[in-house]
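Asks: Position chain B against the provided structure of chain A, taking the given hints into account.
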Amino acid sequence: MTPKGVPSNTQARMPLRNYRILDLSRIWAGPYCTKLLADMGAEVVKLESLSVYDSHRGPVNPAPGIAAYPDSDPGERPWNRNGWFNCLHMSKYGISLEITGEEGKRVFDQLVSVSDVLVENFRQGSLARLGYDYETLRRLRPDLIYVSMPAFGNNGPWQKYVAYGIGQEQLSGMAHMTGYPDEGPMKSGINHGDPITGAHAAGVVLAALRWRRRTGKGMFIDVSQQESAVALIGGEVLAYQITGEEPKRQGNHSPHFAPHNAYQCAGDDRWVTISVATDAQWRALAGIAGGTSLSEDARFATAAGRLENQEELDQLISRWTAGKDAYAVSHQLQQAGVPSSPVMHGPDLLEDPHYRDRGTFVSVNHEQVGPKMYPGTPFRMSATQGEVRWAAPALGQHNRLVYGDLLGLDDEEIDGLEERGVIGTKPTGSRII
Amino acid sequence: MRNCNWQGPMAQWLSRHWSRRTGGPAAELVNQPSNIGEAAGLLEGVKVLDLTHYLAGPYCTKLLSSLGAEVVKVERPGGDPMRRFGPLVSTMTLRQAEVQTRDSSDPDDGNDAGAWFLYLNTSKKSLTLDLKSDKGRDIARQLAASSDIVVENFAPGAMNKLGLGYEELRKTNPALVMTSISNYGQTGPYRDWKATEINLYAAGGLMNITGEPDMPPLKEGAPLAQLGAGQVAFAATMGALMYAEETGEGQHIDVSIAEYATNILENALMQYSYSGIEFTRVGNRGYGRAAWGIYPCQDGYVGIIAGPDTRWPAVAEIMEREELADPRFESRNGRMINADEVDALMLPWLLDHDKVDIFKAGQDRGLGFAYVATMQDILDMEQLNARDYFVELGDPDQGGLMYPGAPMKLFINGDGDRSLSPRPGKGQVGWVYRSAPSLGQHTEETLSGRLGINESEISGLRSLGVLG
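Top line first, the protein sequences correspond to chains A and B.
In terms of our numbering, the first sequence opens at residue 64 and continues consecutively.
In terms of our numbering, the second sequence opens at residue 15 and continues consecutively.
Same shape as in the complex, but just chain A (with noise of 0.2 Å):
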């Protein structure tokens, strides 16, 4: 099963070339695992329903500008050109299925049994009030591996309640040790409850299929997304036991070293990140900044010195550092051995020597986008490089490909399903959150 145009032999040598996932996950989380998997060669076989399609494809019209869209233009077809959607779908098969009808779950049954995994992270219950809880998936697949991921998880007083990426960074404890000193609690760039989630899930999805090889059988999976955000400051709950102090926000710096933080340089809005772990580092920095009478300052000498200074040693340093372009000084102070880096952007990311070089990035050609940037795989592969096979798929993209080629499908059944509103490529709704 192979869409057109792409050669039939792109997933032989890729780790998860023999599985399959039948991926009802929508947003981010359950999309960010099955991507992962689809970088390493899974058939990620992606199942939207027309009134109810990922979200994160945008609404049926939205208002013209929001630059999601190529150009900030929506286009005839919105939902098939967001950008939030496109890059999380890469390399998978999409398809539509109204699974409410008889007729549609006659086919998801049949998808069911075909497939090595399903994964969905619905609001909690909402799949088995279709007909399908896990006692029903194993009857059509009997070594199924069931990744079901509501916000807090499938059982506990909390199983109904739903919560977004944004919200598990708070009920996680990751923003309350995020924020300027002496201020509020401050959101990340992005939701990171869900990619913490979607990795979580990718790693343990794998360990249940080789048990599974193992030994025959399948499994459920009961994630709480919640859960899977705390582990992620797992140390800070103990250190919290050891002292009874909660974490503080400290902005940008850090209980062992100065200087830390980021300084402003020349443009706008342009930054330099310098962090000092070691006495060597320091007299390194200071040689550069400030000279002998810098790195001669006896208050600077030590670790505990420099941190019982900081504030000072972070005027210095910002005095240094306006007016220089951050590139420089982070070239210049990475040539001293001192770690800094510049505050990139999204233009100077996409244009960056070094992610250049890995092919960090790479162009890909959405049939109704035209060749932009995305971000690839985040890891290398020496024997299977994991890559983007394809873009994301439109609405139903590959409704003939899998109903015709996997599950043996004529036309005729096809097209009935399709004039009676069964599968389809334009959405008769969206809810969007």
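These are computed hints drawn from the structure, not numbers from a lab.
Some clues are possibly wrong.
Pairs of lysine-lysine, BS3-like flavour, derived with a Cα cap of 27 Å [stated by the list, open to error]:
id, chain 1, residue 1, chain 2, residue 2
1, A, 489, A, 168
2, A, 67, A, 387
3, A, 168, A, 280
4, A, 223, B, 374
5, A, 223, A, 168
6, B, 61, A, 280
Replies: Here is chain B on its own, set in the frame of chain A:
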């Protein structure tokens, strides 16, 4: 865990917690559930040689060890520097200072461990080995020959210099999966750049978009770039292990922490790629939305997440302010245009109510409200406790600790288990949790058990300083 000073409200909380449990606290908690047969964890039998330190590598191998893989952590004499750090927690610095004033040859040093070390190294074995010595490198090579996976996060090139590079190790073990995690990756112009977390956020594009527009870019409090890179390294390692077991062909995985950060920018990058319009800092008014972020309340901070639009009228009801039902605020765009007015209408009610009550008031009406949880809030959270999230490790008489446990729960379709719906009391099935090892705790066991080195050879190695 011997030197944990037990202070503050936690002692009370913990004693309450323990008393709820039958059978009392266990020094070490290993789940050996009957429904996964003899195996304690999903990855039982997988052998991992762990040459990692600090954060990113150890989180990758923690996920492996927590799933039951045998992870042998090779530590330099003196141990993983992380043993002496409690990053991001200022009060841990005091403890660190105490440790540093000790004689570094004190054999007890290995039992002092910062909070993050303890957290990141559960269920691992510790082998002290001086990789600067020929004998030490030889032992590492022998262990790699009989391992399925090697994970390392030295500076790029260091493994080659030690004679432990992938090309060298694959000669004796062609199925080996070797995973390298580094700041900027094994290739490229910044390969040798030094970095700490703040530099990686900045170079990865996350920092530019975090914080207030008229303030400096802000890093996040927790080391999420390094830990996230550890996560994707874990996923890639598992994929490569599957492939190696099917084909006999191993491989080398290269994960860059900064590159991982660029992979999770989502719309913050795509917006620029698609339309040329840069994404910038928006403070707590996330993604061009109002009533979509963090607000102060009576006892802390809450997350007001006013979506979808159809549920906005519920916000006016909850906050008992008819003005909030004004049609001008009904749409996402309308709320954004009138953001200050919306905030001013919500604040009086918020400041008069507690975070958990506000959270539940929203959730009971289908709104994804949240609250900014403190560490105490997390330990107290009814949902986490109902789901047996925490794992208790260490000797409680000496100050045992509640650890965040399995990041997801496994219900395994086994013969002996006919009741597969999720329920409490099965929090850690398929996962394994043991306290982080003291430095060199498993040196003898590993050398004799894995390599057949006898007692007198071990004391010989010890007198040469190879074993720290």
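Asks: Please work out if residue 489/A and residue 168/A have their alpha carbons no farther apart than 27 Å.
Replies: The hint holds at about 20 Å.
Asks: If you draw a straight line from the CA of residue 223/A to the CA of residue 374/B, is it 27 Å or shorter?
Replies: Distance ~11 Å between residue 223/A and residue 374/B Cα, so the pair holds.
Asks: Would you check the hint for residue 223/A and residue 168/A, treating anything up to 27 Å between C-alpha atoms as holding?
Replies: Cα-Cα ~24 Å, so holds.
Asks: If you draw a straight line from the CA of residue 168/A to the CA of residue 280/A, is it 27 Å or shorter?
Replies: holds (25 Å)
Asks: For the pair supplied as a hint, residue 61/B and residue 280/A, confirm whether the alpha-carbon distance does not exceed 27 Å.
Replies: holds (22 Å)
Asks: Can you confirm whether the C-alpha distance between residue 67/A and residue 387/A stays at or below 27 Å?
Replies: Violated, at roughly 51 Å.
In this structure, only the earlier hint numbered 2 is contradicted, and the remaining ones agree with it.
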